[in-house]
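Number of protein chains: 2
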Amino acid sequence: MSTSGWVRGRLRKAPENFLSADDARQPEQMRRKFMLASAAGVAAGLASLAPQRSAAEPQGDPNILQLPEHSTNLGAPVAANPYGMPSQHEKNLQRRESPGLTRVSAASVAFTPLQGTFGIITPSGLHFERHHQGWWDIDPSRHRLMINGLVKRPKVYTMDDLMRLPSVSRIHFIECGANTAMEWGNVAVPTVQYTHGMVSCSEFTGVPLSVLLDDCGVDRQQGRYVLGEGADGSGMTRTIPMERALDDVIVAYGMNGEMLRPENGYPLRLVVPGIQGVSWVKWLRRIEVGDKPWATKDEAIHYMDLMPDGTHRQYSGIQEAKSVITSPSGGQVLLDRGFHNITGLAWSGRGKIRRVDVSTDGGRHWRTARLETPILTKAFTRFNIDWVWSGEPCILQSRCIDDTGYVQPTIRQLREVRGTRSIYHNNMIQSWKVAESGEVSNVQVG
Amino acid sequence: MSTSGWVRGRLRKAPENFLSADDARQPEQMRRKFMLASAAGVAAGLASLAPQRSAAEPQGDPNILQLPEHSTNLGAPVAANPYGMPSQHEKNLQRRESPGLTRVSAASVAFTPLQGTFGIITPSGLHFERHHQGWWDIDPSRHRLMINGLVKRPKVYTMDDLMRLPSVSRIHFIECGANTAMEWGNVAVPTVQYTHGMVSCSEFTGVPLSVLLDDCGVDRQQGRYVLGEGADGSGMTRTIPMERALDDVIVAYGMNGEMLRPENGYPLRLVVPGIQGVSWVKWLRRIEVGDKPWATKDEAIHYMDLMPDGTHRQYSGIQEAKSVITSPSGGQVLLDRGFHNITGLAWSGRGKIRRVDVSTDGGRHWRTARLETPILTKAFTRFNIDWVWSGEPCILQSRCIDDTGYVQPTIRQLREVRGTRSIYHNNMIQSWKVAESGEVSNVQVG
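Residue numbers (the working numbering), protein chains in the order written: chain A, 1 to 446; chain B, 1 to 446.
Worth flagging that the hints you see were computed from the coordinates, not collected in a lab. Here the structure is a predicted model, which is why all the values come from computation and not from measurement. From the three backbone atoms N, C-alpha and C, an ideal C-beta is built for every residue, glycine too.
If you only want the chain A side, here are some residues facing chain B, beta carbon under 10 Å, derived:
| # | residue |
| --- | --- |
| 1 | Pro68 |
| 2 | Ser71 |
| 3 | Thr117 |
| 4 | Cys201 |
| 5 | Glu372 |
Listing some non-contacts, in silico: residues in chain A with all C-beta distances to chain B over 12 Å:
| # | residue |
| --- | --- |
| 6 | Val189 |
| 7 | Thr311 |
| 8 | Arg313 |
| 9 | Ser316 |
| 10 | Arg354 |
| 11 | Gly405 |
| 12 | Tyr406 |
| 13 | Ile423 |
Capping the alpha-carbon separation at 20 Å, the derived lysine to aspartate or glutamate pairs in EDC-like fashion look like this:
| # | chain 1 | residue 1 | chain 2 | residue 2 |
| --- | --- | --- | --- | --- |
| 14 | B | Lys292 | B | Asp219 |
| 15 | A | Lys433 | A | Glu392 |
| 16 | B | Lys433 | B | Asp361 |
| 17 | A | Lys352 | A | Asp403 |
| 18 | B | Lys91 | A | Asp139 |
| 19 | A | Lys155 | B | Asp336 |
| 20 | B | Lys433 | B | Asp336 |
| 21 | B | Lys91 | A | Asp137 |
| 22 | B | Lys433 | B | Asp386 |
| 23 | A | Lys91 | B | Asp139 |
| 24 | A | Lys91 | B | Asp137 |
| 25 | B | Lys155 | A | Asp336 |
| 26 | B | Lys152 | B | Glu243 |
| 27 | A | Lys152 | A | Asp214 |
| 28 | A | Lys152 | A | Asp215 |
| 29 | A | Lys352 | A | Glu320 |
| 30 | B | Lys352 | B | Glu320 |
| 31 | A | Lys155 | A | Asp214 |
Whole structure, please, built from the sequences with the hints as guidance.
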């Protein structure tokens with residue numbers, strides 16, 4: 001990882017930018033001041049062992065910064081927040097609804113701010129939301145899961161019943177089938193939060209659905225599908241083929257080490273790895289085993305794509321391989337040429353990410369990015385690549401390949417197959433244009 | 001994963017228990033009611049498409065539960081919480097200070113509630129805290145990192161400088177050297193939160209320290225150690241050998257997908273994988289390169305162990321392989337015999353966990369547990385194993401082996417080497433006694 005060519009001094013401005021306007025104007029003066037203050041701080045450190053709150057701060061030479069309060073005084077106690085929160089300086093990093101996207105905010109989307117997240121774990125507080133009739137904080141002592149239909153022993157489980165059973169923990173992405181939908185229409189919404197923010201990745205914990213189906217004596221001859229049903233008012237029901245249900249589906253109560261968040265289905269949801277989010281039924285209250293697909297309203301009216309030949313694609317669940325550069329991305333500004341780390345995410349509903357290539361010239365040349373480990377099946381993979389910006393306008397793109405050999409398509413390749421009237425399953429290569437001013441914006445090329 | 005022998009009906013009671021006392025008394029009646037209500041719910045679901053808030057709830061037959069409000073009404077909108085929080089029903093799961101542990105809560109510990117966490121990612125809101133002079137929410141626009149000493153080009157970095165540089169993301173545990181210290185004294189504190197809760201595991205993101213040292217032109221001949229210095233008032237400084245500094249140490253700004261939490265060093269901390277937490281200097285403001293260890297106050301007065309021969313172990317950083325059963329664990333109660341999932345955590349400062357064995361008879365017989373994937377170096381590994389409790393008193397233990405072949409010791413084996421006057425680095429096999437009443441408590445055996 002060479003940093004040659006990294007020009008210091010002026011910095012990337014973004015909603016998440018840390019440098020004050022004053023500092024940006026006078027970087028060298030700021031640094032000199034700090035060096036002097038730090039030298040003073042080393043000496044002062046020895047005197048700071050006594051926990052006095054009234055420590056006199058050094059005065060005098062204006063070239064010496066005063067030691068900050070946090071280096072001289074007693075700070076806050078432990079467990080001041082029994083459940084901790086982000087810094088007050090991070091309030092700008094939040095999930096957001098796209099204004100006017102739906103008529104009712106209880107049946108809408110809040111997007112994850114991918115431009116400001118790191119690694120592969122999405123903070124639960126920033127997990128995207130998609131509700132069909134709003135969210136609830138359900139009392140787990142009253143919540144039940146029923147399993148019925150083509151089973152020998154229909155059962156009703158309490159939460160405590162479920163938490164005694166064999167448990168698995170796995171890291172998976174969840175993506176709404178409508179993620180990146182606006183790009184079908186070439187709308188070019190401004191930021192990666194709105195183009196790609198209906199995807200998150202968490203560690204989920206729960207009981208394999210196969211364990212529960214076996215516990216109820218599933219009929220493996222006739223039972224060819226299961227239906228998941230949520231407890232909210234939307235009547236959300238989704239069909240899952242039995243083969244998949246017995247594979248890696250989890251009846252999950254845990255997310256990122258703690259119980260699910262209310263907005264994400266607390267106390268129980270389905271985890272259907274690789275499949276669009278609508279099938280990950282939240283507030284899960286019932287699993288029915290049947291012999292054919294149910295064609296429920298969310299399988300027959302919504303979540304279908306109109307194809308060029310006039311037919312509808314139905315039950316199109318798998319989220320194909322997809323990647324996006326999260327930084328630099330739309331809405332950010334490069335304040336200077338020189339070295340920048342390009343970072344982004346890749347994922348595939350069919351398995352692991354094998355490779356991510358990055359182009360900084362609109363797709364003419366590609367370089368292979370570094371993939372952070374672990375590389376997991378049906379999970380985010382974080383990529384990073386060095387880049388030295390010359391200061392000329394350019395177009396940044398990422399393209400991933402999964403372990404089936406599938407290559408993420410351009411929007412042109414997608415349209416050749418899917419036409420122009422799809423809403424769902426847009427996994428096109430995303431392009432970010434860097435202007436000479438350093439401003440980054442969403443463009444469609446190719 | 002067989003569930004044979006799993007007796008349903010009565011359930012594990014714990015601080016995290018979900019079942020109400022009424023339900024626990026009448027499980028069969030409760031289930032019958034739910035079955036009827038669910039059948040009614042399927043019919044009612046079709047009528048719930050209209051988003052009326054004033055839906056009349058079904059009345060009449062007391063054997064039919066009323067449909068809950070959340071199944072008939074419109075819920076809360078998206079982004080109601082721009083930064084989400086756990087359910088109101090989870091308030092009991094919090095980090096806690098051990099009363100009277102230290103004289104000042106700003107120089108104390110808040111423990112992670114391991115008994116109620118899942119998987120390998122510790123929720124950032126529950127990450128343990130250990131401060132030496134309290135915590136601060138430092139303004140990142142004013143924070144700087146200086147690198148000086150035996151380098152050709154001493155530099156001062158802003159946060160924006162650092163975030164332009166090559167970035168890595170890695171999942172690692174962090175454990176305080178004093179974790180499980182009370183067990184040296186056979187104090188048998190009651191819960192796993194207090195015996196083992198000074199350990200957490202997160203995905204960290206930042207710049208490899210090697211990149212920064214190279215950027216400053218580190219003197220690789222004379223520079224044999226680095227010193228990390230924090231910006232808080234405790235004058236926290238720790239020595240790290242150069243070989244380790246150039247290996248896997250990260251200057252981290254990210255934790256679990258977002259910026260570090262203030263209590264964990266926002267905006268910058270050292271990540272020193274496998275090494276005790278005190279070396280992961282928080283609020284990192286300076287790295288100095290030198291030619292010998294500094295023997296700072298936290299290396300010469302604290303964080304040392306008095307050995308049987310009267311000498312002190314100093315610079316004893318590595319956290320050796322360790323495991324603990326997190327559920328069932330002290331303070332929990334098994335309300336019934338029958339099937340229970342035993343779950344816990346294992347970790348090693350030297351590499352990966354190779355195997356975890358579990359005994360339910362105080363160490364006479366051992367069975368090998370299932371390890372959840374991914375199994376990562378210097379990170380938590382989650383284990384699970386089936387168990388059918390006969391109702392007799394018994395003792396639960398876990399014992400891990402890392403990929404160096406090191407086997408987690410008993411307390412007796414530890415004392416043979418370390419004597420009785422150690423404070424730090426207690427990685428003994430933990431024993432939980434299950435009484436005939438189902439009550440679980442902390443005991444020392446072996």
